[in-house]
Amino acid sequence: MTSWVETVSLTLPRRRRAARVFALACRLITWSGVVLLGVLLVHVSREGFQWLDWDFLTSFPSRFAERAGIKSALMGTLWLIGGTGAVSIPLGVAASIYLEEYARPGRIKSIIEINIANLAGVPSIVYGILGLALFVRGMALGRSVAAGALTMSLLILPVIVITSREAIRAVPGSIRQAAFALGATRWQVTRDHVLPAALPGILTGVILAMSRAIGETAPLIMIGALTYVAFLPRGPADSFTALPIQIFNWASRQQAEFHGLAAAGIIILLVVLFVMNGVAVYIRNRSQRKPQ
Amino acid sequence: MHFGLAGAARRRWKEGAIQSALFVCAVVSVVTTVGIVIILGKESFGFFRHVSPAEFLFGTRWTPLLEPRSFGVLPLLCGTLLVVAGSSLIAIPIGLVSAIYLGEYASDRIRRIVKPVLEVLAGIPTVVYGYFAVSFITPMLMKAIPATQVFNAASASIVVGIMILPMVASLCDDALRAVPQSLRQAAFALGATKYEVSTRIVVPGALSGVIGSFVLAVSRAVGETMAVTLAAGATPRMTLNPLESIQTMTSYIVQVSLGDTPAGTVEYQTIFAVGALLFAVTLAANLGAHRVLRRFREVYE
Amino acid sequence: MTLVHPMRPPTREPGSAPAGARSAILEVENLSIWYGDNRAINGVSLKIPEKRITAIIGPSGCGKSTLLRTFNRMNDFIPGLRCEGRVRFQNRDLFASGVDPVEVRLRIGMVFQKPNPFPKSIYDNVIWGPAINGFRGDRDRLVEESLTRAALWDEVKDRLKDSALGLSGGQQQRLCIARALAMQPEIILMDEPASSLDPRSTARIEDLLFELKKLYTIVIVTHNMQQAARVSDFTAFLESGELIEFGETEQVFTRPKVKRTEDYVTGRFG
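These protein sequences, in sequence, are chains A, B and C. Residue numbers are given in numbering that gives the first Met the number 0: position 245 of the first sequence equals residue 244, and the series is strictly consecutive. Residue numbers are given in numbering that gives the first Met the number 0: position 218 of the second sequence equals residue 217, and the series is strictly consecutive. Residue numbers are given in numbering that gives the first Met the number 0: position 198 of the third sequence equals residue 197, and the series is strictly consecutive.
The hints are simulated quantities; they were obtained by calculation from the structure and are not laboratory data. We put the CB at the ideal spot given by N, CA and C, even for glycine.
The calculated label-pair distances, taken between Cβ atoms and stated as ranges, are:
no.: 1; chain 1: B; residue 1: 266; chain 2: A; residue 2: 17; range: 52 to 60 Å
no.: 2; chain 1: B; residue 1: 45; chain 2: A; residue 2: 139; range: 13 to 21 Å
no.: 3; chain 1: B; residue 1: 111; chain 2: A; residue 2: 174; range: 27 to 35 Å
no.: 4; chain 1: A; residue 1: 113; chain 2: B; residue 2: 45; range: 26 to 34 Å
Let the sequences and hints guide you as you build the complete structure.
Written as C-alpha cells, this is what we have:
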C-alpha cells in the first residue's frame with residue numbers, strides 16, 4: 000500500500016512558513032496593545048507634568064490657565080464618592096446576599112438576575128438621563144451632590160452585585176452547613192460566617208466599582224455637574240463639579256495650555272485609580288494566601 | 000436546660016424582616032430598569048406627538064436646535080455606526096489575535112505581563128481616551144492625511160477601539176480556553192501545525208463565544224460617550240468619510256445637556272427620544288450576546 | 000512526481016514475511032525520558048515489528064503512555080521534558096535535528112483514550128487531516144475507504160454530513176480510528192482505545208484490530224491484560240519506566256522469562 004502522504008511533501012515547507020509568520024504576527028499584534036498603553040501614559044505625563052504643582056492642587060479653576068487648579072474638582076469627587084459609597088455598598092451587598100443566600104430559584108429570582116445582567120451593559124449616559132429625570136427633576140434634588148451620588152450608585156450597583164455574589168459563592172458550603180447544624184438562623188450564618196469569609200472578595204469588587212465611578216463623566220454631565228465651580232460643596236444639597244468633568248472641560252478647549260491642565264488632571268486621576276486598584280489587588284492576593 | 004423557646008417567635012419575626020429588607024434591596028435593580036423604560040417612554044411619547052416616528056427614524060437631517068427644524072435621526076445613527084465600525088476594525092482583530100496568542104502560544108510569564116496590561120487599559124476612564132484622541136491622535140492624523148478635519152470620526156474610532164480591545168481579548172481568551180485540550184491533541188496528531196490547530200480547530204470550536212464577545216464589544220462602542228464628544232465633533236451628517244466631523248447619538252445628548260434647554264420643550268424631549276433609541280439598540284445587542292454566550296457555555300459544560 | 004524527502008522509506012515489501020524474519024519498523028535504543036527531575040522512562044530498548052500488533056502493558060504510572068507518545072513526537076508539547084537515547088523509524092532517527100514533528104505524525108498516527116472527534120460533520124472529521132496536509136485526490140473515496148476500514152461505513156454512510164458529536168461513544172472512537180486511517184499511516188498508536196467504552200464496543204474495536212494489522216503496524220497501550228493477550232502478537236511489559244520483558248504474546252503470558260512479569264500477568268500485583 001502506498002500512502003498518498005508520499006505525494007505531499009511539497010506543501011510542508013509552505014505550511015511551516017505560514018505557521019512561523021502567524022506566530023510572529025500574533026506576538027507583534029499582542030505586544031502592540033502593551034505599546035499603546037505605554038504611548039498613552041508617556042504622552043499624558045509629558046503634557047501634564049509641567050502643570051503639576053502644589054498650586055494646581057489647591058486652586059480653583061480660572062479663566063487664566065496659570066492660576067487654574069482642581070481643588071473644587073477634587074473635593075467634589077470626594078463628596079461624590081462618599082455619597083455613592085454610602086448608598087451603593089449597602090444596597091449592592093444586601094442584594095447579593097439576598098440572591099445568594101435567600102432567594103429560591105424561580106421566576107422572581109430570574110427576573111432580578113436578568114435585570115442586573117442587562118443593567119451592567121446599559122450605557123452610562125442612559126443612567127444620566129434617568130438621574131436627570133428622576134433625581135434632579137422628579138425628586139427635585141436639583142444639580143446637587145445628592146443627585147449625583149444617587150445616579151452613580153445606580154450605575155455601579157450591578158457591578159457590586161455581580162462581584163459580591165461571586166465572593167459569597169466562593170465561600171465553601173461546609174461553613175454554612177456547620178453553622179446551621181448548630182442551630183443558627185440564616186441571618187446569623189450569613190452575618191457571622193459567610194460575610195466575614197467573603198469580605199476580601201466583596202471589598203475588592205467594591206473598590207473596583209468605585210474606581211469606575213470616579214472616572215465616569217457622562218452621567219454627571221447629564222445631571223448638571225457644573226463645569227466652572229469656584230467653591231467647595233458644603234453638603235449633599237450643594238452643586239458641585241468633579242475631576243472627570245474638569246478634565247473634560249479643559250480638554251474641550253482649544254488652547255494648548257488648557258490641554259496641559261487636562262493632562263495634569265488626568266495624572267491625578269490615574270494616580271488615584273492606580274492606588275485604588277493596587278489596594279484591591281493587594282487585598283485579593285493577601286486573602287488568597289491566607290490559609291482558610 | 001431550656002433554649003429560650005419564648006424568643007422563637009420574635010426571632011422568626013426578625014428573620015422575616017431581614018429577608019424582606021434584603022429582598023427590597025435586590026428589587027432595586029428591577030425598579031431601575033422599569034424607571035428607565037418609563038422615563039424614556041413617557042418623554043418619547045411626548046416627543047412623538049410633535050414629530051412623527053417615520054420622520055424620526057427615516058429622516059436624514061438632524062437640526063432640532065436650529066431653524067428650520069428637522070428631526071431625522073439617521074445622521075446620528077450614521078455617525079454612531081461610523082465610529083463603531085472603525086473601532087471594531089481595530090478591536091476585533093487585535094483582540095482575537097491577542098487571545099489566540101495568550102492562549103495558544105504565550106508562556107505563563109508573558110501572560111502575567113500582558114493580561115494585567117490589558118486590565119489597566121480597560122480601566123482607564125473614557126475621558127482620558129477622549130483627551131488622548133484630541134491631543135495626540137488627531138494631530139498625528141492631520142499631519143499624515145491633510146484632508147483630516149479638526150474633529151473627525153477616525154480619531155474617536157481609534158481610541159474607542161483601544162478602549163474595547165481588552166474586553167474582546169479577555170472574553171475571547173475565556174472562550175478559547177473552554178475548548179478541550181483533547182481536540183488540540185487530536186489535531187496535532189493528524190500532522191497539523193500550531194497555526195492550523197489554532198485557526199481551524201480552536202477558534203471554530205469557540206465560535207459562538209468569540210462572536211458573543213464581538214457583539215458585547217460593539218454594544219459598548221455604541222454607548223461610548225466622552226471620547227466621541229471630545230474628538231468626533233458636533234456636526235450631524237450622513238457620511239462614510241471617517242476624516243470628517245460627525246455626531247453620534249451619545250454626543251448629541253451631551254451637547255443638548257450642556258446647553259440651556261428648558262424642560263418640556265421638543266428639544267428637551269429629543270434627549271429622551273435619542274436616549275430611547277440608544278437604549279433599545281444596546282439592549283438588543285446585549286440580550287443577543289448573552290443568549291449566544293450562554294448557549295456556548297452549555298456546549299462545553 | 001514526488002521528491003525524495005527525509006521520511007521516505009527506502010524499500011517496501013508487499014505481503015507478509017515469516018514471523019521470525021519480520022523487520023522492525025520502530026527501533027527504540029536505550030531511551031530515557033525525564034519530566035524535570037523525575038525519570039519516567041529508564042533505558043528502554045525494544046524493536047516494534049512491522050504489520051503486527053504490539054501491546055505495551057504494565058501497572059498504572061509505569062510510563063506506557065509516555066513511551067507511546069514519544070513515537071509520534073506528541074511529547075514535544077510537554078515543557079520540561081528531556082529525552083536521551085534514540086528512536087529509529089524505518090532507520091531514520093526521529094529526534095534528529097532536521098526532522099519536523101509534523102512529518103512524523105503524517106506517518107505515525109494516534110488514537111486517544113477518550114474519543115475526541117472534532118465538532119464537525121462525520122465527513123469533515125475524516126477528511127480534515129488529509130485536507131490540511133494537501134491531499135488532492137478523490138475525497139469521497141478516501142472517506143469511504145477509511146470509514147469502511149474502521150468498520151463504521153455502514154452505520155454512517157447515509158448521514159455523513161451529520162455532526163460527529165451525535166454518535167455513540169463506540170462509534171465516535173471508530174470515527175477517530177477512521178480519522179487516523181485517512182492519513183494512511185505506517186503505524187497506528189493506540190493509547191487505551193477501549194478503556195472508556197462499554198464491553199460490546201470494546202469487542203468491536205478488538206475485532207477491528209485483527210483486520211487492521213493486515214495493513215498497518217499497531218502499537219497499543221492497555222491496562223487490560225486480557226485484552227493484550229487476546230489481541231496482540233507481541234507484548235512489552237513495562238514497570239516503573241523499565242522494560243522488564245518483551246516477546247511474543249503467547250510466550251510472555253504463558254512462559255514469562257522474568258519473575259516480575261510472571262507476578263504481573265498472574266495478577267499478583269498491579
